[in-house]
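Trainee: Given chain A, put chains B and C in place with the hints provided.
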Amino acid sequence: MALNQYLILSAFLFCCGVYGVLARRNGVLVLLSVELMLNAVNINLVAFAAFTRNISGQVFALFVITIAAAEVGVGLAIVLLIYRNMRSPDLDRVDQLKG
Amino acid sequence: MTAQNVAFWVLAIAMGAGAVGVVRSRNIVHAALFLIVVLVGAAAQYIVLLAEFVGITQFFIYIGAIAVLFLFGIMLTRAPMSAGDFDNDQRWPAAIVSVFLLGVLIALLVNAFGHDDIKLSDELLRASRTGPVADSIFRSFVVPFEVVSMLLLAALVGAVVIARRD
Amino acid sequence: MLRNAWIIPLLPALGFVAVLLFGKRLPRKGAELAVATVGASFVLSCITAVQWIQRVDDQPGKEAVGGFGRALLPTQEGGVTAVERGFTWWQNANVRFDVGIHIDGLAVMMLFMVTLVSFLVHVYSTRYMHGDRRYTHYFALLNLFTASMLLLVVADNTLMLLVAWELVGVCSFVLIGHWWEEKPNSDAAVKAFLTTRTGDVGLMIGVIVLFFAAGTFNIAVINAKALDGGIGHTLLVVSAACLLIGIIGKSGQFPLHTWLPDAMAGPTPVSALIHAATMVVAGVYLGARLYPVFFRGFSIGDGGLNAMALVGGITIIIGAVLAFVQRDIKKVLAYSTISQLGYMVMALGVGAWVAAIFHLFTHAFFKSLLFLGAGSVSESGSHHSFDMKGDMGGLRKYMPITFVTFVIGSLALAGIFPLAGFWSKDEILVTAGQTGYDAFLYVGLIGAFLTAAYMTRCVYLTFFGEFRGHGEPHESPPTLTIPLIVLAAASVGAGFLNAQPLGIEKFRDWFEAGVSLPALQHPDFDTVKAVISVTIAVVGIGIAAYLWFQREELGPFRNFTQRNAAARAGYRFLENKYYLDDLYENVIVGGIKGPVARASYWVNQHVIDGVVNAIGRGTAIAARETYDVIDQKVVDGAVNGLAETTGETGGLLRYVQSGRVQRYALTLFAAVGALSLALWLVY
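In order, the protein sequences belong to chains A, B and C. For the first sequence, my numbering gives the first residue as 1, with consecutive numbering after it. For the second sequence, my numbering gives the first residue as 1001, with consecutive numbering after it. For the third sequence, my numbering gives the first residue as 2001, with consecutive numbering after it.
One or more of the hints may lead you astray.
Short derived list, chain A residues pointing at chain C, Cβ under 8 angstroms [stated by the list, open to error]:
| hint | residue |
| --- | --- |
| 1 | Val-18 |
| 2 | Val-21 |
| 3 | Leu-22 |
It should be emphasised that the hints constitute simulated quantities derived from the structure, not laboratory data. This structure is a prediction, so every number in the text was calculated from the model and none was measured. Ideal Cβ placement from N, Cα and C applies to all residues, glycine included.
Isolated chain A, as found in the complex (with noise of 0.2 angstroms):
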């Protein structure tokens, strides 16, 4: 298999997050789309560790799924305050740093 078959598919992925994260007005959808990245440097890692035939890449996978869960963690318990305090998850709202 070629690699970049792998690392196309990581950076459709990679992308799809991107939209996901500019265009989506949920805090939830906004964290669902980080995760969509986060899977996508996944992919791309473990491709890496098998070309080059390195496991270090796929600890490094381990290592990034273990900080995705703590991030989504506390991604959630914010999404929920703001939910509370805005009485909306809308994030089009939260614009207090308005210049």
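Mentor: For chains B and C alone, kept in the frame of chain A given last:
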């Protein structure tokens, strides 16, 4: 056309569709479920690449914990279960940027790795088993491992603090 | 002590500094310190005098040669030499400035006289100036004056003499103007200073000419060169004439005598010390010290007319005449001083060196006695007034000691035998007669007559008749009267130092010794002339006594000047002091200062002020332009423009901060994509 190739392509198409579904769905629950499709597809890809331990971990943690967490979060925020417009007003700029980014990335990748192939071998299989991975973690990467533990602890405490109702 | 005589001027100088620095804190406000220093100087002067006299008496060859007198002059073999001591202060190839002392008979005599009179005046002042507004400064300056005068006397070169000359002039200025808050006093001080300054120009030119003529400032060398022909005759004439101008200014000779009567505005002890006994005789001392220059310059030995005798003679007469028309007792004494100084200068002019110095010596005693007596009268009799006609009269009943001493002083001044003035004045007259200066003999006799007369008038108006003042006249306290008594004793006894018919010529022996002098004639005592002079003096007293004492029976003489127009004009002429003051101040000075002042004013208004105003206007215009254009438009424009731009930019930029994170993220990803593309393309 080897078996791994076929498996790859099938999984790839499924994952692609799922990704698009996540970002374009009008139903939050549907988006979450589409994400689960992508996660499962990713786990399968890991196994195709002979990274068994990573694949299993992906299953347990991502799908078993994180996706469930998402569903809980959706329910707690009383997100509308029905269809709604979840896109904000920068859809098109976002689309342009992401397509542009995709284009750049593909061009770069083709340019850089156009002629590289993955050779799957028994050696790789043996090296990807739990034992060697564990060894690698606890020897070469023990410091990051500890740091990540601390991170998890911090995230745990932080999540509790943030979500506390007081 | 002869070699250490420099201590004598030093002590009062240190006293001056000490009294200034901490006189005010002492119990007697510095007076005790001043009296102590001068007293110490007097004692040292006495010691110096004794040592000098011993030096003279020990000299062999005293009985020696020549029909010209007893003691040998230093130029002759075996004569007494002066004591000199000094050091070079600075020198280069051509010029040498020395500092040193030169002690000879003349210097010793002056030291003794100056310290004695100064000491008595200091003691007198402790009581007379009691409670004065500047008591401490007065004593400090009195000390400084004494130090300067003593320095003048012991100086061995003309530069030091010049410095001391100026110093005494300054002290005189300050002391005359002691009560300067009243304008007449400060005016008098300025007049004194400026008039003597006019004379000082001559002195300075004379010193410079002598330096170039003799190649040195040292007096002994100058004298020696003058005597033996080392200096050309023309130069001697010029320098003698210039030095004479200095003498005229300082010693109140005609025509620069006008400052002396006005100087009476100062305190009476100051008048006694400075304007009777010491400073005014500085000119005479100069003449005596540099006598060879004058002798050869004016050809004094040849008889006939010479400038010095002429000036002295005129001064005698005009001073004496003016003394008749004064109401103020101090002014009488001032004019008398002018007249007596004229005697001294005339004596120098006719070759009577010893007589001139002797008269200086005796005059110091009785004139200061008269001044201090006048001070005593004003202190205790006339309520601080010196107006004889207004506030005095009949005081002999109330102030016996003052009366007696004053009369003794007057008789001495008039030249009555056997008081001091007789011996000294007589010697002048005799020498004048015997050296071919007959005209000046007659001048001197007329002066003697006038002196006797005006002093009698003065004594009468002060001590006889009815008391015209107010208050309770009484005798002065001992601090005032004891100096009077001492001076009276000196006036009586000093004359005997040179009583020629009695064979005593101590004064000449002691004080002519060691002095550089040309061969002088020392005439013998002429009994005839002595009798004539005494007779003339007695006649003068008699006529004056008749005119004043017997006023009521005068008849035709009463109010003479008021009835006769010619007499009145003459009286007014005298009252206005020969209109000399008017001549000096209005005609000469006014004629110069008027145009000069107007020209200066014109320059100031048009040239200087014009420049200043133009600069001012230019600056104002520049300032306004700067404000309008630069400040308002450019600077403020820049500042305001900057602020507006910033505001508008901010206004635009703030739309970027939407507060929406996704907007930021969009920007971020777009940038990343663009950058990576750019990087890839570059590499």
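Trainee: Which hint numbers doesn't this structure obey?
Mentor: Violated hints: none; all satisfied.
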